[in-house]
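S.K.: Protein chains in written order, with UniProt numbering: chain A, 1 to 315; chain B, 1 to 327.
Treat the hints as calculated values from the structure; they're not laboratory data.
Note that CB positions come from ideal geometry on N, CA and C, so glycine has one too.
No incorrect hints appear here.
Derived DSBU-like pairs: lysine-lysine, alpha-carbon spacing no greater than 30 Å straight-line:
1) A/K157 with B/K45
2) B/K153 with A/K36
3) B/K153 with A/K315
4) A/K243 with B/K45
5) A/K307 with B/K153
6) A/K315 with A/K153
7) A/K61 with B/K153
8) A/K262 with B/K153
9) B/K45 with A/K203
10) A/K60 with B/K153
11) B/K45 with A/K153
12) B/K153 with A/K263
13) B/K45 with A/K190
14) A/K203 with B/K153
15) A/K312 with B/K153
Across the chosen pairs, the derived CB separations fall in these ranges:
16) B/V318 with A/F313: 49 to 57 Å
17) B/V42 with A/Q303: 41 to 49 Å
18) B/V184 with A/E64: 52 to 60 Å
19) B/T142 with A/N245: 41 to 49 Å
20) B/N220 with A/K263: 45 to 53 Å
Okay, the calculated bits of chain B under chain A, using three or more residues with CB under 8 Å as the criterion:
21) 44-56
22) 149-157
23) 239-249
24) 287-300
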Amino acid sequence: MKRINFIHLLILTTVLFTGCNQSTSSEKSGESGGKKLVVGVTMLSMQNEFIVNVSDEIEKKARESDIELITVDAERSALKQIEQVESFIAQKVDVIIMNPCEVEASSPAVTKALAANIPIINVNSETTAKPSAFIGSDDVESGRIAMKFIAEKLKGKGNVVMMHGYMGQAAQIKREQGAREILKQYPNLKLIAHQTGEWDRAKAMSLMENWIQSYGNTINAVFAQNDEMGMGAVKALTDAGLKDNVVVVSIDAIPDALQAVKKGTLDATVFQNAEQQGAQAIETALKIAKGQTYEKETLIPFQLVTKDNLAKFMK
Amino acid sequence: MENPVQTDRNPTVEAYKTRMRGIGKYGIFVAFLLICVVLSVVTPKFLTVSNLTIVVTQVSINALLAFGVTFVIITGGIDLSIGSTVAVTSVVAASFAHPDTYPVLVPILTGLAAGLLLGAFNGLVITKSKVPPFIVTLGTMTIGRGLALILSKGRPVSNLSDSFNFIGGGQIVGIPTPIIILLVFFILCSVVLKKTVLGRYMYAVGGNEQAAKASGIQLNKVKMVVYTLCGGLAALAGILLTSRITTGQPNAGVGFELDAIAAAIIGGTSTSGGTGTMTGTLIGALLIGVISNGLDLMNVTSYYQQVVMGIIIIGAVVLDSLNQHKN
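Starting from the given sequences, assemble the full structure and let the hints guide the process.
M.R.: In structure tokens, the structure reads:
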């Protein structure tokens, strides 16, 4: 039995490794044709709606500017992302756009690209190593905006619960930091519980159900660090008949959340401009390639979305 | 004898195995009760009707997955693809569940069909190629995740009808529908495993494949049925999840296979095949659910939750195996 298990493991490792090799070799098939500008793009995860939106916009803008794109999915693995950037370097692409998986672990990708004299643009999130340009939004600000809304709604007094994303991810750390900055300004606003919902709607719903058991109607507001979790919290509160008494705010402004704001079940969401991030990334790439001057850092502001200004954000 | 399989097996070994199975289940049941008692003492919010109702509702999805995987593990196999099956089902069912389009039976049937097909695909490749189930279902896991993303273009499928949302979010005579579905399928799966020829064949195939073959059991047929069944139960879990969160999610169910396998193993299903019960699996799933609920109630920080969960799972299984060794 033990030997069979070992063989299983061996086959598994082989399968995994050949799998990796295949994915990198297939990227090489995207050859640079003629003088067309070639841009390599590696995205954090194409299973994330927001990231897909950024990527779609990059693609759209690239088509308009007649740029050849090689887009790959790092599937949340910084290691994979570095390999992808190495492959871009080997293919001698003109510019690299990277949506980093991690602050530290994706840094070597930036260093390697710059060492090979290929400009690299970070989009949406940062790395420790400084890239040629950064385009994104400051997540701390989104946390501030969300918690500020809660503070104003509750007139500075009440009990708040907070749902984290994956613990330790840049977005989670920064959104929490922003929220806590505001909490400090309102001593009567109490954070009675905080816990991870792993960015996931079903997990967040269970978590909210458990909190309702624990704290019942003493909860006055929920801050969820993304809309998926916000929607889960709304569902649990609605099922428990408590939604009318609890303020729920989340971040991202995904279509579902906008619908919920329209219906009045979600009180507010914070809009992060995926289109702007994608478009600016390609624009900067063009400028760099043509040797024009460009902004080293482009910060696209977050916007609070409530029933009052909803129309602007609905497509 | 009413049991055609056990006739050509050593009766004392069989008796010993049955006894061990019984004691194993008992051991985990004790561990489960112990944890419940501890939680009731530590947090007064735990032992209330409303909280326990919520725990069972939350557990229903993992339990359905675990029932399916119990069948598979009993035959000596494994199925890693069920989490992805949940995602495919979720997206497929949701696509047919928009209000004023199709009757509610359509998303249910298409969702189930998707799961059954993925399960049958697993069964077919495993029986025809003799490649270990671990590898085949690992492949299907990736294929399924890809399919879910392709079908949904990477975005959640929202705006589902009220009648569809009732499946996972409604109540019948005050009892949440997921609990009713859970009970119905618990009984059905137990009956299949304990009272039918198919169930006995499953134990036989997992206990000793050569002996089962020699006694005339068609191994491939049993395996086909088992993997298809597992896919079907995963689809059911997917439909329940979709309805509960009122949206189809291509990235739903990531890691669900591990929770389901954990529930089965905690419940006394042996990974080497041939042993396991649905009652054990149900308790395994409840144990995981109760721990997670209890830690939330006590507001244990996320960092510690995972560690505590791991320790309790290992502890429960160690207690279980000590119990078995003693006898």
